[in-house]
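Novice: Chain by chain, the residues run as shown.
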Amino acid sequence: KAGVTQTPRYLIKTRGQQVTLSCSPISGHRSVSWYQQTPGQGLQFLFEYFSETQRNKGNFPGRFSGRQFSNSRSEMNVSTLELGDSALYLCASSSTGTGVTEAFFGQGTRLTVV
Amino acid sequence: AQSVTQPDIHITVSEGASLELRCNYSYGATPYLFWYVQSPGQGLQLLLKYFSGDTLVQGIKGFEAEFKRSQSSFNLRKPSVHWSDAAEYFCAVVLTGTASKLTFGTGTRLQVTL
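Protein sequences, first through last, are from chains A and B.
Heads up: the first sequence is residues 20 to 133, going by this note's numbering.
Heads up: the second sequence is residues 37 to 150, going by this note's numbering.
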């Protein structure tokens with residue numbers, strides 16, 4: 020069974036640009052969550068999608084958005100990039116419907132904003 | 037405030053020595069508890085989880101963790117550390133009703149000396 024796939028692995032963008040990151044969950048998993056990891060703030064929850072609907076949202080500005088497609092693949096978009104958006108962005112998938120199950124993480128996308 | 041605390045930022049142990057990484061949580065109810073490991077530049081790998089039942093849980097790679105309700109702790113242990121265990125370890129919780137939303141501790145970096 021293939022794991023969680025995130026593309027691209029590395030990105031370099033200029034301040035003010037926008038970026039889209041992609042995540043393909045484990046087959047059969049309908050929940051996709053996104054996390055931002057930085058040395059200063061650690062691992063922070065961005066949002067979670069389940070069956071194409073945002074189910075949970077963290078405390079990030081509206082520049083951070085996401086969506087989920089009918090095949091459970093998810094994209095995350097960051098508009099008007101700032102230097103502080105440089106981070107490792109991790110996607111996790113889980114099979115949970117109403118209960119709690121473990122989340123499986125992808126390798127991450129390393130975003131550098133210059 | 038609700039939080040997950042990993043008191044040790046950095047731990048160094050000799051190969052073959054035992055290991056204990058500490059994790060404390062501050063929540064009104066018992067959360068769902070997890071330990072993840074992250075190698076440099078990689079995503080997170082689930083080591084073990086506690087949902088309910090037996091308070092001593094076994095995980096992958098020879099790790100185990102013990103849930104102690106009275107101490108609000110979920111410490112990770114390994115009897116004999118291998119050089120390949122050098123990585124960063126994260127304790128995480130999911131609160132009831134928040135589905136897949138993980139709240140992480142700040143992590144403990146493990147260094148293994150030969």
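Keep in mind that a hint or two might mislead.
If you want the footprint, here are the derived chain A segments under chain B, 3+ residues with CB under 8 Å [as the list claims (entries may be wrong)]:
#1 30-42
#2 107-113
#3 122-128
FYI, nobody ran anything at the bench for these hints, they're computed from the structure.
Beta carbons: idealized from backbone N, C-alpha and C, even for Gly.
Novice: Would you mind marking each hint as holding or not holding in the structure?
Specialist: Hints and how they fare:
1. 30-42: The restraint on the region 30-42 of chain A is violated, since only 0 of its residues have a Cβ under 8 Å from chain B and three are required.
2. 107-113: n = 3 at 8 Å, threshold three: holds.
3. 122-128: holds (count 6)
Hint compliance for this structure: hint 1 alone is broken.
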